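Chains X and G, in that order, give the protein sequences. Residues in the first sequence are numbered from 1 upward in steps of one, following the working numbering. Residues in the second sequence are numbered from 1001 upward in steps of one, following the working numbering.
There may be inaccurate statements among the hints.
The following label-pair restraints were derived from C-beta to C-beta distances [as the list claims (entries may be wrong)]: (1) X:28 <-> G:1192: 29 to 37 Å; (2) X:39 <-> G:1109: 41 to 49 Å; (3) X:149 <-> G:1040: 26 to 34 Å; (4) X:192 <-> G:1145: 19 to 27 Å; (5) G:1160 <-> X:170: 23 to 31 Å; (6) G:1158 <-> X:192: 44 to 52 Å; (7) G:1045 <-> X:172: 54 to 62 Å; (8) G:1109 <-> X:164: 29 to 37 Å; (9) G:1145 <-> X:57: 23 to 31 Å; (10) X:18 <-> G:1083: 42 to 50 Å; (11) G:1106 <-> X:106: 27 to 35 Å.
It is worth saying that the hints were derived from the structure and are not from the lab. Everything numeric in this text was worked out from a predicted model, so none of it was measured. We put the CB at the ideal spot given by N, CA and C, even for glycine.
Number of protein chains: 2
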Amino acid sequence: MARTLTTVGFDADDTLWHNERFFRITQQKFAELLGDHTPVDLDPERLGDRLLAAEQRNLGRYGYGVKGFTLSMIETAIEVTDARVPASVIHELIEAGQMMLAFPIELLPHAQEAVTALAGDYRVVLVTKGDLLDQERKLAQSGLGDLFDAVEIVSEKTPEIYREIFSNQPGGVAGTMMVGNSVRSDVVPMIAAGGWGTYVPHNLTWEYEKEATPEGDPHFHQIKDLSELAGLLAKLG
Amino acid sequence: MARTLTTVGFDADDTLWHNERFFRITQQKFAELLGDHTPVDLDPERLGDRLLAAEQRNLGRYGYGVKGFTLSMIETAIEVTDARVPASVIHELIEAGQMMLAFPIELLPHAQEAVTALAGDYRVVLVTKGDLLDQERKLAQSGLGDLFDAVEIVSEKTPEIYREIFSNQPGGVAGTMMVGNSVRSDVVPMIAAGGWGTYVPHNLTWEYEKEATPEGDPHFHQIKDLSELAGLLAKLG
């Protein structure tokens, strides 16, 4: 009997390794740096809202990743201070962004075992969005690079993009399970493309990526962490 | 007899469409904006040198493209003014960067005909570096997207990357001619990879991309413009 699933797609950031926490650390630093220069009613939470609004406004031109995030921080710093922020603070924002591009990769629990266990029996494909060079750096540092049959760094995770990527894999998109921590990017568009989606929650997820899980959809699954992935796939056949 | 060449790789920026001129316009604006805030001995040329130095220093972290260029402009503005540049000027630099991400694509002479003429007889592959989303936008706007059998947006153009891209094409890298305006990125590493390189000079080329042509190398060719490409390829067989 033909197998149901022959290919597994993995998201990278906060699915295989920590990422969002470096954004949170930087955002905290952003709030500290701007504290002395913003109106008193702009508490860190409201400041975070303004930054998120800038990020979303800029997604269509910058795409995902640290460079766009840094530019959105600078833009927000200028905006919320009515252009009174000193250049020295902007310099520190640039340096904070550069630190994000150099943070050491730390794998999430079970990531290495999960990918290694599947690499023999399935085609395993990494699908990630963000800055090209930075995603390549992180993959290289993760030590997982050689396990993947293909690596796709994409500007957006849409049903069309998933179809394009997985139509070339054996089993096509219908025979592929995408695994990731973003319901919005890894699960919903993959199921819309005709594939399968497994949600692996991460305790830190970017506001923008949050979305209700498609409960009841037979192509949707959820696991506690990556230690449960091989068992789930074996069950599905 | 087997054909010598079966695949043609095209660079994009300043090979198929104008690009560098938008960097030049922005750099001029950068000099104008900073004019009132920099020491008198820092003329536009020296300011350009400082910006180029920042771009090169940041290549390893930002990679190529407009987002990194914008961040390097801001960094340079802070540096050359000893952090005295007003936030309003930095805001204008951010806007100048955003304008670069929205400039309308204008094809170079003969680009459309050259790609169209080859698309039937050769595999045609676009190979470009820069920001993922921006390169995708430019390709979509160019109207040439459907002519290419494959599009590769890469973080760097090295012999290894060329080998990886073209080993999957019929004829492999040895049967592929890469065509572009950068001797450093499009010609030299492609020939080092075992392929062929054709240099199509553009009147504006980024300082960083300049390099001596490999005169006398039988895999090196130079043409005046893309109208000569089909003839050159026919001659080589």
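Against the structure, the hints come out as follows:
In this structure the hint that residue 28 of chain X and residue 1192 of chain G lie 29 to 37 Å apart at CB is violated, the actual value being about 46 Å. Between residue 39 of chain X and residue 1109 of chain G the beta carbon distance is about 54 Å. The supplied range of 41 to 49 Å is therefore violated. For the pair residue 149 of chain X and residue 1040 of chain G, the supplied restraint of 26 to 34 Å is violated, since their beta-carbon distance comes to about 59 Å. Between residue 192 of chain X and residue 1145 of chain G the beta carbons are some 23 Å apart, a value that agrees with the proposed interval 19 to 27 Å.
Judged by the Cβ atoms, the range 23 to 31 Å given for residue 1160 of chain G and residue 170 of chain X holds: they are separated by roughly 27 Å. One distance hint, 44 to 52 Å for the beta-carbon pair residue 1158 of chain G and residue 192 of chain X, is violated here, with the actual separation near 37 Å. For the hinted restraint 54 to 62 Å between residue 1045 of chain G and residue 172 of chain X, the CB-CB distance of approximately 56 Å keeps it satisfied. Between residue 1109 of chain G and residue 164 of chain X the C-beta distance comes to about 32 Å, which sits within the given range of 29 to 37 Å.
Separation of residue 1145 of chain G from residue 57 of chain X is about 27 Å and conforms to the stated range, judged on CB atoms against 23 to 31 Å. For the pair residue 18 of chain X and residue 1083 of chain G, the supplied restraint of 42 to 50 Å is violated, since their beta-carbon distance comes to about 33 Å. Distance hint for residue 1106 of chain G and residue 106 of chain X: a CB-CB separation of about 46 Å, inconsistent with the stated range 27 to 35 Å.
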